[in-house]
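Place chain R on chain C using the hints.
For the record, the sequence lines run as chains C and R. Using this note's numbering, you'd call the opening residue of the first sequence number 41 and step up by one each time. Using this note's numbering, you'd call the opening residue of the second sequence number 129 and step up by one each time.
In short, the hints are calculated from the structure, not lab data. Misleading hints may appear alongside valid ones.
[As the list claims (entries may be wrong)] Derived DSS-like pairs (lysine-lysine); straight-line CA-CA distance at most 30 Å:
hint, chain 1, residue 1, chain 2, residue 2
1, R, 187, C, 44
2, R, 232, R, 196
3, R, 196, C, 81
4, R, 166, R, 196
5, C, 81, C, 44
6, C, 110, R, 196
7, R, 196, C, 44
8, R, 232, C, 110
9, R, 192, C, 110
10, C, 44, C, 110
11, R, 166, C, 81
12, R, 196, R, 215
13, R, 192, C, 52
14, C, 110, R, 215
15, R, 214, R, 166
16, C, 44, C, 268
[What the hints assert, rightly or not] Reference listing, derived: stretches of chain C covered by chain R, where coverage requires no fewer than 3 residues with Cβ under 8 Å from a Cβ of chain R:
hint, stretch
17, 50-64
18, 92-100
19, 189-203
Every residue, glycine too, gets a C-beta built ideally from N, C-alpha and C.
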Amino acid sequence: MRFKALGETLLKGGVAPRYVRRYLAELSEHLQDLTAEQRAKGHDAEDAAIRARARLGNDAELAEAMLSHKQFRCWAARAPIAVFCLLPPAVTMLAAFAVMMPLVLCARFAGLSGHGGIDARQWFRTLVMITLAFGNFFLAPALALSFVWIARRQRLPEPWPLLAVALIVLVDLQFQAHFPALGHRGGEVGIGAGMWLFHLHDLLETWHLAVTQLFLTLVPALWLLQRKFVSR
Amino acid sequence: MAIESPALLAGVPELMILRLLNVQEMYGYEIVQAISSKTGGVVTPGEGVVYPLLHALEKDGALKSRRKTVNGRSRVYYTLTARGSKKLASLTGDWNALNTAVQKVLHAV
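Okay, chain C solo, but in the shape it has when bound:
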């Protein structure tokens, strides 16, 4: 791939991937024009390619030109503490509420909630179970994967995404629901979150859920570590 080393330098320098892709694409097109110009002057293909590349500029000059513009730097490189320390718990909590909101709206607009608690019909219980499965087994792992992906594409050091995954694990999001037998009103759907040590009792009750969720959330981090040690 053309300009691969330049691309790596720019990503490691904190330039956002979309600007790197665009810069490299336009450089490739410019190089084609320069090569065609040299060919038109009568140089053979090999000579024309060498002359065109020399006119385009060396990798250090091309990198410096881009790195000197601070506005092309991505947030993950500009403020890694905000992105990998503050954002993971905040996004996890917001995502949890976003997942629960459709259930609340469904219960309200379908007229299920009222005096004496919720009238949880079969379709609503199925919807709750699907939401719970999504929340418990997909949400935290997907968020962990997102932070690992952000760090990987920006070539950031591994401790940043590992810290983000650790914080998501610490938030320890758990979706739970309890309903009485069909036809009876009542029951509850809730999100549990908090530091593991502070609700050890609850954790012991739902250990199978916690272990599965922990494993799935840690998969992206384990993949990252495996890549690091295999590449050594």
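Same frame as chain C, now just chain R:
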């Protein structure tokens, strides 16, 4: 004769790019060749380093770009925006004032 002191050229490529794009839309290679040819080779921006400048101007809202295929070649073409026109007017004013001031000093000594 190309100018060898980069400090003298600070802001000049930006002004020239805006001026050229005020007339017609152009792509990167075309812009570099136009600057080089219109200045008789006195100002020759680095071929590849023109893109960060174009991207920065676009990010500031002075330019807009679109990908267009002409004669089977797909390239990114740049045009001036209303904001770019204002920037061009402002930079031209600054440049004329600076040029007049420098000329006075040069002819006074």
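query = Does the structure break any of the earlier hints, and which numbers would those be?
reply = As far as the earlier hints go, 2, 8, 19 are violated by this structure, in ascending order.
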